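Residue 155 is where the sequence shown ends in my numbering, and the numbering goes up by one at each step.
Simulated from the structure, these hints should not be mistaken for lab results.
Heads up, some of the hints might be wrong.
Said to hold, decoys possible - Restraint-style ranges between C-beta atoms, simulated for each label pair:
hint: 1; residue 1: Glu32; residue 2: Gly88; range: 37 to 43 Å
hint: 2; residue 1: Ile95; residue 2: Gly131; range: 44 to 50 Å
hint: 3; residue 1: Leu128; residue 2: Leu18; range: 37 to 43 Å
hint: 4; residue 1: Glu135; residue 2: Gly79; range: 38 to 44 Å
Every value quoted in this text rests on a predicted model; they were computed, and no experiment measured them.
Backbone N, C-alpha and C define an ideal beta-carbon position, used for all residues, glycine too.
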Amino acid sequence: MTAEGLGKNGLSKERLRLWLRMLRVTRQVESELRERLRTEHDSTLPRFDVMAALYAAEEGLKMNELSKRLRVSNGNVTGIIDRLVEDGAVERIAIEGDRRATRVCLTVAGRETFRGMAVEHERWINALFEGVSEEDAHHIGELLHRLPASPNDAN
Numbered sequence: 001m002t003a004e005g006l007g008k009n010g011l012s013k014e015r016l017r018l019w020l021r022m023l024r025v026t027r028q029v030e031s032e033l034r035e036r037l038r039t040e041h042d043s044t045l046p047r048f049d050v051m052a053a054l055y056a057a058e059e060g061l062k063m064n065e066l067s068k069r070l071r072v073s074n075g076n077v078t079g080i081i082d083r084l085v086e087d088g089a090v091e092r093i094a095i096e097g098d099r100r101a102t103r104v105c106l107t108v109a110g111r112e113t114f115r116g117m118a119v120e121h122e123r124w125i126n127a128l129f130e131g132v133s134e135e136d137a138h139h140i141g142e143l144l145h146r147l148p149a150s151p152n153d154a155n
């Protein structure tokens, strides 16, 4: 598209507006969640995400599996895991036959802590989206599934 063609295509303009609205809503919700996790649980959103992934994987995950699942670098996850281990929420388990690899999983206390945070997180999401009916939420979700999951899917 040339510079002269910008804004002349109605569909393109509506898609741009959609993207900007999605970005604005995402940033607002994420900001609110970060603040509530900080003030009500002395936690962070990345910490919550790590705990959620480990909660879903009862047997635990290797560090590289956790990084891949969260789509972040091993370095980002390592610092969070270190702090969770210090707090007694996560334990590292050696993997037999592989001295370099460890599996991390939530402790009983970590599972309890996360469960409480998750219940509140769900309440917060429901409050933040109170103007959206269940039917509308389902419909919006279905529409968003039409979008490519990654840039490679767009081709």
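Which hints, by number, does the structure contradict?
-> 1, 3
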